[in-house]
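Peer 1: If you want the building blocks of each chain, they are given just below.
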Amino acid sequence: MIIIPCPFCGDRDHSEFSYGGDATVKYPALDASAEDWYNAVYLRKNPRGAHTEYWHHVGGCRSWLVVERDTLTHEISSAKYAHDGYGDSA
Amino acid sequence: MSASSSRLNAGGIINRNETLSFKFDGKSYAGHPGDSLASALLANNVKIVGRGFKYHRPRGVMSAGQEEGGAILTVGTGARREPNVKATMQPLYGGLESFGQNAWPSVARDFGRVNDIGSRFLGAGFYYKTFFGIRGGTKDWMLFEKIIRKAAGMGTASREPDPAHYETAHTSCDVLVVGAGPAGIAAATQAAEAGLDVVIAEQDFTLGGDYLSQPDGAHRAVEAVAKIGSLGVSVMLRTQVFGLYDGCVAGLIESVTDQETGMQVRQRMWIVRPRQIIIATGAIERPIAFGNNDRPGIMGSAGLRTYLNRYAIKPGQEAVIATTNDSGYATAADLKASGAQVTLLDARTHGPDAPEGVEVLRGRVPVKGEGWSELQGLQIGKLSESGEVSVEKSIGCDLAAVSGGWSPVVNLTSHRGVKPVWSEEMDCFLPGETKEPIKVCGSAAGLWDEEECRLSGAAAAAEAARDLGVNAPVVERPEPRRTNTPTMALYEVTLPGKKLKSFVDPQHDVTTGDIRLAHQEGFVSVEHMKRYTTLGMATDQGKVGNVIGIALMAAATGAPVSKTGTTTFRPPYSPISIGAIAGRSVKQHFRPNRLTPLDAWNKKHNAVMTQAGLWWRPWYYPITPTESVDDAYEREMKVTRECVGLCDVSSLGKIMVQGPDAGEFLNRLYVNGFGKLAVGKARYGVMLRDDGVVYDDGTTWRLSENDFLMTTTTANAAGVMAKLEEYLQTRWPELKVSVASVSDQWAGIAVAGPKSRDVLEAVTTECDLSNEAFPFMGIREGVIADKKVYLARISFSGERAYEVYVRSGDAEPVADALWGATKPLGGCLYGTEALGAMRVEKGHVAGSELDGRTTLEDLGLGKMASSKKAYIGKALAAREGLHDADRKQLVGIIPTGDGKRLRAGALLMADTEQRGHGEGEITAVTYSVELGHWIGLGLIRGGVERWDGKTAISADPVRDGNTEVRIVSPHFLDPKGERMHG
Ligand SMILES: [Zn+2]
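Here the protein sequences come in this chain order: L and A.
Each residue of the first sequence is one higher than the one before, starting from 1 at the first, in the numbering used here.
Each residue of the second sequence is one higher than the one before, starting from 1 at the first, in the numbering used here.
Quick caveat, the hints were computed from the structure, so don't treat them as lab data.
All residues carry an ideal CB built from backbone N, CA and C; glycine is no exception.
A portion of the hints provided could be inaccurate.
[Unchecked claim] Partial list, computed: chain L residues near chain A (C-beta under 7 angstroms): (1) I3; (2) I4; (3) T24; (4) L43; (5) T52; (6) E53; (7) R62; (8) A82.
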């Protein structure tokens, strides 16, 4: 029963979102080594406390959001758009 | 008062002008509006209302609340039968039918009572001990279990579908007050006076809580209720707050009606988002464990007071009240006033003054109940300073009431992960501190005095108001404190050298002996003790027996209660109907039905529908009323391969990929190149996951320089869309691409078969359909039935084929035109069964092969991968293990014998002796009309290279057993694809 404050849609129930995993993972270039990709795809921290993660507002504006959530209390301290803007406006 | 009624002539909150008739175990009785089922039974002098779970001992009404351990009945008949209803919480209604549980033929005469005589065999861990290592193994277990289940069990549910309606509702408020006793009403009043939006929820069917148990209770409750009503508080009666969840969201179940009233809902689940929660759930009176403390006629002292004052019932003439605290005195006084003879045992040497006319025996405790099916007397004992008990005498009585102290209802804070804290001083668990906007007041916070409860409710509400930024007076919040006559910590009365049968949890028949036995056998943690003895595991969930159980365990281990801890309370607070959670999401409303734009058209043409994921698709189109699916799909396949067939393919995922970087984007997604795809052409593409495993496939069409239409499998349409958005928004925001799902905007019709071009030529204008002008994999625009269409020359069936895409709203006229040209040629409509069969013949992979474990090479698609560019999944797809020659790879499968059918899901074994998962499995099968025998696709270790032409065993132990099959190439028909290019 988490509420996620979507920057576009306002406070929305988490049932409108789908979880998108650790948002701190930097995916390597497509031609990077298998080892770099292995690290990005498989290695995850499992923190007790603050976690930066993606949520997709799949039943709303379809934005991918970066959300700060406490894994212990489910408290959400921030939610922002996954990047600053499209193409030239970035 | 007549001989058959224990109802007093005056008093109570019941409507004596109206009589309600009801039944218990087949016999008719009468009660009044305002009665609970339990009070109505007591008023009719029904003493035995149930039987114990294990020993089948007779049980009577033990309380007047949610904590009831004796009067647990089955209410209703047929499909509406509900077991384990607490008669104390069930309002009486006319025509109510109820039945005792755990007994046969009735609770009054039960044959299972023999269990009590042989009870030493049914102690703690009985089930574990008896059935571990049982000689006959699982078979005997199942036999014994059946017998035991018949004898035990807590009532039986109806096996019919529940005909009642349920619904879910959402609301929010400033303050949710849980419980409408003195503290809760004071809190609601204070919060509403501060101008807040207040909801108060009360599980009982009358507001007032402890007010109702007092002699002037009705008057005081009415006054308080009128006050909150006038302040605009939303009052929810018969509404249990069953759980608190993340973000302090509260789950409530409102019992709307118990009777059949057409479309009226029976229960409503509320999901409430309050900004502040005030918990005023009160406290539950504890029993004392002593010999035969479960005899009908023995009840809680507070419960007895409720029956006297709220229901005007005097359940006995000669009564003994045993107490460890002051609350027994009020019950004694009220009972005396009703004309009964009352003896009060106070375990303490100091207590309040004796109520008028009541004999108080100080330092005395109950030792053993006398009588079998009904209480006839109470053996009492003297408690020495060192805590030893010596039997003193027996007092004849037909009623006994016990108060062993109070346990605050701390369940809701526990749901939020807040551990209750044991207070030695108050002899109870108190709710722990919470950082959330939750305030606990009244008896739930360990306050026993009514005035203090009211003050604490007002204080909690004032604090809540200030936390919300609203002005409210500062009210001092009273703290729990020890009085001059504190509760004595007495949990069990034992006699040296004597064995007493003393119940801790009457619902699950757990005795003090069971707890000591559990300790002897090494179960020292309360969580283990709970599971081994099953203490608190019935519908009671630890409301009554928890503290006694923990205290006895603490005594056995020599550790203090505070170190022993308590078990965790989890939602729901008391049992709730699954139906209420499901709400309206049942039957066809359980999940959405997705219909294609041609749904009505398909049905008009006799389609038999099937569900694929959420989509309803035509399965087959029988041409006679009796044509079977097998006959139909074989016919549809044959007609399509020899002539022409039409198929609704609208459910395919369709995504517009647009923008100057769209080609580059597709190049990164697909293993094969798309950047150089010519305008007006389509290409089959495969995409991988990051880990290199195949994710999805489909054709993508270049409509113009910057516009692509991607098609996905039906199953992965939503997933692919989310992935594209993820890549664009999180990984490659620099790409100038936008994506939009257009699956529902376009209808798709496959026109397949050698005569497909004839069909299109008959109906299409503004498009040159010749093989030269419109070759295989071409995309063209055209007009059919005056509607603009896209024509794609792509083939899933392997025949010369086209797919016609049209705006959803225009789908029917286009389908009519196509069918109008198809029918005269001898063509047919075909469904998903024939569609799937033809893809098996062609060896095309689909969902059963794209199972999230297969790689490009496994599927025989390795050659598609581009070596000139990088794409998603390429790096990890290069891992050594994914190129092992021993991996399961796509093969074709045919039976070796004549006419033998194949079965999808069968395992492929090297020989008949092989066990385990074998070498692979069959993923899809069909009868091939063209080949005249069954064929299948499968995945097998080493693939065609290792197996071509060799035999294997198809092992299908639950259906056909072992069948010999031959492994062949997966391309059964036209391996060079000459048909579709022609
Ligand atoms: Zn949004």
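Peer 1: Need the list of violated hint numbers for this structure, in ascending order.
Peer 2: Structure breaks hints 2, 3, 4, 5, 6.
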